[in-house]
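Just so you know, the sequences run in chain order A, B and C.
Residues in the first sequence are numbered from 1 upward in steps of one, following my numbering.
Residues in the second sequence are numbered from 118 upward in steps of one, following my numbering.
Residues in the third sequence are numbered from 377 upward in steps of one, following my numbering.
Honestly, the hints are just simulated from the structure, not real lab data.
Heads up, a few of these hints could be off.
[Unchecked claim] So the derived list for chain B, only partly shown, Cβ under 8 Å to chain C, looks like this:
1. T197
2. A212
3. G216
4. G257
5. Q261
6. V264
7. A267
8. L271
9. V286
10. F350
11. L353
12. E360
13. T361
The beta carbon of each residue, even a glycine, is placed where N, CA and C say it ideally should be.
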Amino acid sequence: MSAAPWLVAALLFAAGVFGIVTSRNFIHLVGCLSVCQSSTYVLLLGVGYRWGAVAPVFYDHPPGTPAVDPVVQALVLTDIVVGATVTALLLAMAVRVHDKTGTLDPQALAPFPDRRR
Amino acid sequence: MSPRTRVALMALVGACLAPAVWSIAAALPPFGAPTGAYGPTVNALGPPLRHVSNMVSAVNFDFRGVDTLGEEFMLLGAVTGAVLLLRGARGEDLADAAGRVAGRRVEPRSSAVVLVCHLLGPAILVLGLYMALHATVTPGGGFQGGVVIASGFLLVYLGEGYRPWRALVRSRALAVAEGGGALVFALAGFWPMLCGQPYFANVLPLGVFRDMLSGGLMLVENAGVALAVTGGFAILFLEFLEETRAPRPRDEPGSGGGA
Amino acid sequence: MRVLVALMLALTLAAGLGVVLSRDPRRQVLAMAANGLVLALLFFALQAPDVALSELTVGTAATPLLFLVALAAVRMNRPRK
Chain A
1 MSAAPWLVAA LLFAAGVFGI VTSRNFIHLV GCLSVCQSST YVLLLGVGYR WGAVAPVFYD
61 HPPGTPAVDP VVQALVLTDI VVGATVTALL LAMAVRVHDK TGTLDPQALA PFPDRRR
Chain B
118 MSPRTRVALM ALVGACLAPA VWSIAAALPP FGAPTGAYGP TVNALGPPLR HVSNMVSAVN
178 FDFRGVDTLG EEFMLLGAVT GAVLLLRGAR GEDLADAAGR VAGRRVEPRS SAVVLVCHLL
238 GPAILVLGLY MALHATVTPG GGFQGGVVIA SGFLLVYLGE GYRPWRALVR SRALAVAEGG
298 GALVFALAGF WPMLCGQPYF ANVLPLGVFR DMLSGGLMLV ENAGVALAVT GGFAILFLEF
358 LEETRAPRPR DEPGSGGGA
Chain C
377 MRVLVALMLA LTLAAGLGVV LSRDPRRQVL AMAANGLVLA LLFFALQAPD VALSELTVGT
437 AATPLLFLVA LAAVRMNRPR K
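Go ahead and model the full structure; you've got the sequences and the hints to work with.
Rendered as structure tokens:
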């Protein structure tokens, strides 16, 4: 239990990378990328957690109550929202790639210098 | 590189990195133990110094405000890139008809869906506004409230259909909201410099602890972030949904927008 | 409390694996929505209500909708350019 979040984060990241490497569809690939992102959230929030501590919002309990780390929560919070917009950018790219080449398979597309158009 | 080679390479790298990951996981402090002094210091000094009770908002908008400025512009850049990719290929006019996939029947909108959207849409918009306004007292803030408001717009789309929704949300107003929000955030930092303080120093009156209007400059930054996130996400939804409209015929002269 | 956090971590791992192992993008969208929900519950268990609120909205509503709309746009067989 004392290393559980770190191992869960590592396993999630490995699973995400495996999905990206073996993906046959761009949109599936972007979903696996979001799994990689979620592994970092688990790691960061796991670092900040303390047993028996409350949330770092001192509205109901008085200031001075032991609370979890608010700095990592701030990092993860902004990252979730911004990560969603980056996912949207990647999806827009996937839609445009499908428009141009008719396929969504990352392993069937050749890089630029090869004239496959 | 063939798929097999790719997977074999990944397995090789994974096998090389696995002992390192294991030893790091063992060397990290145990889960739940106190780590570092920055967090507890913020928790201890936040309420007396800034009169706010939501420490996460205090970190986002006051103690680490410059980091949020960077995130803000990342959001702006990603939304601009997505809009450029989609609207650049599609054009600026609106399409009249919805796109159809060949061979699929079009289902009429269910009345249960319409009822739920009518009930929940305004409620979620009000909830999002509440969360965005009470950034410094209860869990919430510009980021969360902005996304909730944008998803409230989505409920309007689900309940009303495309045309009323498109008449309600104007892409120009959303673009102004998004850019304006980022501008408000950046300029809020310059205001203290005019008073001789560092960038993002909290020079406005701090207010009363546990009051909605506490935090000083944090409220201005929070409003900027809420505007920018709402505008950004609503623009993304709009652009993506516009992609599902019927493609405009290329040989019609002067086919103007419908909606 | 320890049991709750351990359970949520196990569910998170399962949900992440579910997203990766769903090969069909349309099924994967549902798996992503479930992943968002499980992550939000994990963040609530880890005493992070702000993070859980943003993950709840983004992970279950906004991102799966963007995926669904991208899939619909791809299926429409637009003219090649």
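Hint check results:
1. With a cut of 8 Å, the hint placing B:T197 at the interface with chain C is violated, because the nearest CB-to-CB distance is about 16 Å.
2. Because the smallest distance between the Cβ of B:A212 and any Cβ of chain C comes to about 11 Å, over 8 Å, the interface hint for this residue is violated.
3. Here the hint on B:G216 is kept, as its CB sits about 5 Å from the closest CB of chain C, short of 8 Å.
4. The beta carbon of B:G257 comes within 7 Å of a beta carbon in chain C, closer than 8 Å, and the hint placing it at the interface holds.
5. For the restraint placing B:Q261 at the interface with chain C, the shortest Cβ-Cβ distance is roughly 4 Å, inside the 8 Å limit, so the hint holds.
6. Checking B:V264 against chain C: minimum C-beta separation of about 4 Å stays under 8 Å; hint holds.
7. Given hint, B:A267 at the interface with chain C, holds; its Cβ is 7 Å from that chain's nearest Cβ, closer than 8 Å.
8. Hint status for B:L271: holds, given a least beta-carbon distance of 6 Å to chain C, under 8 Å.
9. At about 15 Å, the closest approach between the beta carbon of B:V286 and any beta carbon in chain C exceeds 8 Å, and the interface hint on this residue is violated.
10. Hint status for B:F350: holds, given a least beta-carbon distance of 6 Å to chain C, under 8 Å.
11. Residue-level restraint check for B:L353 holds (minimum Cβ-Cβ distance to chain C is 7 Å; threshold 8 Å).
12. With a cut of 8 Å, the hint placing B:E360 at the interface with chain C holds, because the nearest CB-to-CB distance is about 4 Å.
13. Of the supplied interface hints, the one on B:T361 holds, with its beta-carbon coming within about 5 Å of a beta-carbon of chain C, less than 8 Å.
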